[in-house]
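Novice: The lines below spell out each chain.
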Amino acid sequence: MKQRRPVRRALSGITLLTAAALSLTACSSAGQAEKADVSLTDRGPISYVSSPDASGAAQQSIDAWNDTHPDEQVSWIELPLDADQQRQQMAQNAQVKGSTYTILNLDVVWTSEFAANRWITELPKDVIAIDDAIPATIAAASYRDTLYAAPYYTDGALLYSRTDLLTAAGVNSPPETWAQLEEACTAVLALPEAADMSCYAGQFDKNEGLTVNFSEAVNSANGSLFDAEGTPTVDTPEALTALNFLVDGFASGMIPQAAITYQEEQGRQAFQDGNLVFLRNWPYVYASFNATDGSSSVQSKFATSPIPGENGPGVSTLGGRNIAISSFAENKATALEFITFFTGRDQQSDRLELSSRAPVFSEFFADETVTERLPYLPDLLTSLEKAQPRPTVVNYGATTAAIQNEIYAALTGVKTPEAALADLQVALSDITSN
Amino acid sequence: MMTTTQIERQTTARRPQTVKVGDGRMAALLLSPTFLVLALVVAYPLLSAFRQSLYRSQSGLDDDGFVVTGDVFVGLGNYVNIFTGTEAGRFYNALWNTTFFTFTTVGLEVIIGVAFAVAMNRAFRGRALLRASILIPWAIPTAVSGLLWRWIFQADGVVNSITGVEVLWTAEGFAAQAAVIVAEVWKTAPFIGLLVLAGMQIIPGEIYEAAKLDGANAWRQFIGITLPLVRPALLVAVLFRMLDALRMFDLPFVLIGPRKSSVETLSILAWDESNQLNYGTASAFSIILLIYVAVIAYAFIKILGADIVEAKARRATPKKKATR
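Line by line, the protein sequences give chains F and L. When the count follows the numbering used here, it moves up by one through the first sequence with no breaks and lands on 475 for the last residue. When the count follows the numbering used here, it moves up by one through the second sequence with no breaks and lands on 315 for the last residue.
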């Protein structure tokens, strides 16, 4: 009681100061990029910097290495699950030239940015097994024809279809074109048991999934987001066809209105609950759909196929992860040897038993012991053989933000498709020109 | 009324103080660790961020495709750009959202929080249980409650199932703002309730008894006794909440998502810039937010919380207050 007023005044003072301190983000200045050290020398303990791996498969590979390399131990530095935070921590480590991080587990879309900033080291092409890997995964690990990383695992789009309903409606093969997709939907939705269902969904919420779905649509309509020189090419008839496929889909009800809020998980739930005939998603949802514990109402009623396109099978975007060496790390010779071990054939094979992540070597996709457990692999391989990396631009963060802004505006009817693409062309030109 | 005066006298009675020569130097010496810590954790980041906000990192690609970067001194260029540049609309939108969220959420929280406090202050069976349960939302981390509300508000979520209307809460528009306001009020109304309850518990029961004898009903007692006496506690709670709400980041970020213009706040804007490694602009946003927070807090204390600042003056004349 006695001290009430003075304490209160002090408290409000402290609040002001705390608010002041908290409203400031931690900042560090970006220094001049220096010529990276290209010689991979020195041996000793190194670190593996990555998001957590719940399957335990990566840890198994690291344990196998540590058992035979007592003086060159690999320690795992675990980063948050959120991809943006991983990128930010790795970028900050690079900006202060920290030597704590040796081996970086990079999303394929960050590889160009890290390479262009010289944050990661060039890798010798003769040491990494590039000939056995799916070509698109090597392209996604390279920047301007130089290899900067080794592909770790890969990911591509699959179309999940309700085979039971398609058969009942007399549709015998999964759709290969957008027109076939719409025809199949019309036939299926006419069935009494499909009365409350919607036709098709992908990932259309304003996040990375939207960039993926739009770039797949553009590539599937024979367009591209950027040409070979890196100039944006989104104000084109092909891109307009692609965007119209999505915008008209929402307008006609082929894509349910709720899909504007769908990220990967919401779409998975909708398909799993039996509300969708077709779903574009990653291979990881297969296990949920196939669950036999009663959580899935589509178990044994669905099949996978490559995604459809404008005039034929569509073009998947490429997901997955690459393994690279930080330019500022020590013991790079050990690091290179670990990468060849970690991404090599034997370890990929061993990890397949624990993890459902798709390997980068095409031979596994035909291996019966593997496909028995992961039956979608042949379809995924078809998808990956045509797959295109997402834009390999240096400033990927700004690029994907611009794409999401304009495409989301078009899908929600704030802008016409033509205006959105024209604005996107201007925005992307700004980003790539500086 | 006599009772109030006595209480005021009691609270403001102080021990006599004697100041000796050398006390000031000793006090400064004893306080120096505090000042050192404050300088390190408050002054340094503040000045560093301000310095950073005067620079812009410029990057380009050399012939081999490598990034060439350098920090260029641009003076107040980042600030000018924020207020009048091509992206100025985004800034004003974020400023409006921040202000809108602050005033709507804090307003609702005050009403609900005071109601909580009145309920918690009653003596009845299970009061401890009620108090604990009301505080649960406050104890849940904001990011977690953001996820919880995301499930509730998603297209096939609880809210749409109960109402039977499909509202896309997590897309853009007023529905998204409403979702953020509901989640924020749910989370922080207990905080105001708790502070107001603390204020209520030190109001002596005799005052209410006296009021009853004078024939005041419950509503009259609330208006005439409870509210004026919890006002100091309530004002501190509201000030805390306003400073907190002006920095709002995690709830709209997790519940609705980044870069959604209808819920984008100044903090999210600063995060977005720093995520693109534009630390200069990000720092400028933070400094603007800091100034805005300071202005709002100052205005609040000036207009509403006069007794916080004038406490000292009033202590000298307790009778004046008692006659109010």
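Hints are computed from structural coordinates only; laboratory data are not their basis. Do not take every clue at face value.
Claimed, not checked - Part of the chain F face toward chain L, derived, beta carbon under 7 Å:
| hint | residue |
| --- | --- |
| 1 | Ala157 |
| 2 | Arg159 |
| 3 | Arg185 |
| 4 | Lys247 |
| 5 | Ile301 |
From the three backbone atoms N, C-alpha and C, an ideal C-beta is built for every residue, glycine too.
Novice: Hints first: check each against the structure and report whether it holds.
Specialist: Verification of the hints:
{"no.": "1", "hint": "Ala157", "in the structure": "5 Å, holds"}
{"no.": "2", "hint": "Arg159", "in the structure": "6 Å, holds"}
{"no.": "3", "hint": "Arg185", "in the structure": "4 Å, holds"}
{"no.": "4", "hint": "Lys247", "in the structure": "6 Å, holds"}
{"no.": "5", "hint": "Ile301", "in the structure": "5 Å, holds"}
When each numbered hint is compared with the structure, no violation occurs for any of them.
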